[in-house]
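Asks: Chain by chain, the residues:
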Amino acid sequence: MNCVSPFLVGLLFGLGLCLSGMTNPMKVLGFLDLAGAWDPSLAFVMGGAVVVAFFAFRVAKRRGRTLSGAPLDLPTSTAIDGRLIGGSLLFGVGWGLAGLCPGPAVTDIGFLDGRAALFVVAMIAGMAVFAVLPALRAAPTAKAALEDG
Amino acid sequence: MTIDWTHFTPLSALAGGVLIGLAAAWLLLENGRILGASGLLGGLIPPRAGDRPWRAEAIFGLVLAPFVARVLFDTPSPAIAAGPATLIVAGLPVGFGTRLANGCTSGHGVCGLARLSPRSLAAILAFMAAGFATVFAVRHVL
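From first to last, the protein sequence lines stand for chains A and B. Numbering follows this note's numbering, in which position 58 of the first sequence is assigned residue number 58; successive positions increment by one, without gaps. Numbering follows this note's numbering, in which position 7 of the second sequence is assigned residue number 7; successive positions increment by one, without gaps.
Since the hints were made in silico from the structure, they are not lab data. Computed from a predicted model, the values in this text were never measured in an experiment. We treat Cβ as the ideally placed atom computed from N, Cα and C, and that holds for glycine. A portion of the hints provided could be inaccurate.
[Said to hold, decoys possible] Here are some, though not all, of the chain B residues that point toward chain A, as calculated from beta-carbon distances under 10 Å: (1) L19; (2) S38; (3) L40; (4) P46; (5) T86; (6) I88; (7) L113; (8) L116.
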């Protein structure tokens, strides 16, 4: 692993989450509440992030390598299967219940927020359950679990 | 549908999004990887011996971000309304589901969409639909 600055990447990521409003669950729930007073802000978060990342992926794919010349380490799975959809549905339910997804939840610990910490502990427990399920680990797509975001 | 104009913050949302995109670009161009929060955390469970603990370093950066953010711009504390029981019931499927699907809002949502991955688009449609449905149920049905 030749990344010089994962700490700074995490810091920049977290600053973006703070500035965008993603760290505030009420803002997230305001976006997910289509039937109430809808706050479309999060679509702008997504839009800004995707456009910047889109150009980065174009550069990376054209080069085929990192800036230092190391090979790219991108996900290879293209499967749209029950595992992908089922997992995403489970995630979406939890997201809608609390208004927290993994990045903002971890960042909110930095606000010294005990509720965020409790959510993250539960989230880690959910990840741990997944990690110890041998049937899922043995599935052909298990390798992808180490590759994707 | 009515727009909540009082809470609508397109400029800070867009600017924050650009920072998130830059973080993803940085990790991609420097070490060739997808920036995904569930992957950062899930990759540490269980902890693996070996190379430099870059995932833990990135997580540390995330946790420190609010301290820096408060110096740089107006940063309100998160208003987490959910009670302890809800937080536990919500956190478990978020952790399990994002590992099962190999990604969350950042890995699939931002990076997957940016690399035009149909697999990530399917994941996004699923978790957005579930999120919309859950909030609808909680706020307007139950």
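Asks: Against which earlier hints does the structure fall short, listed by number upward?
Replies: none
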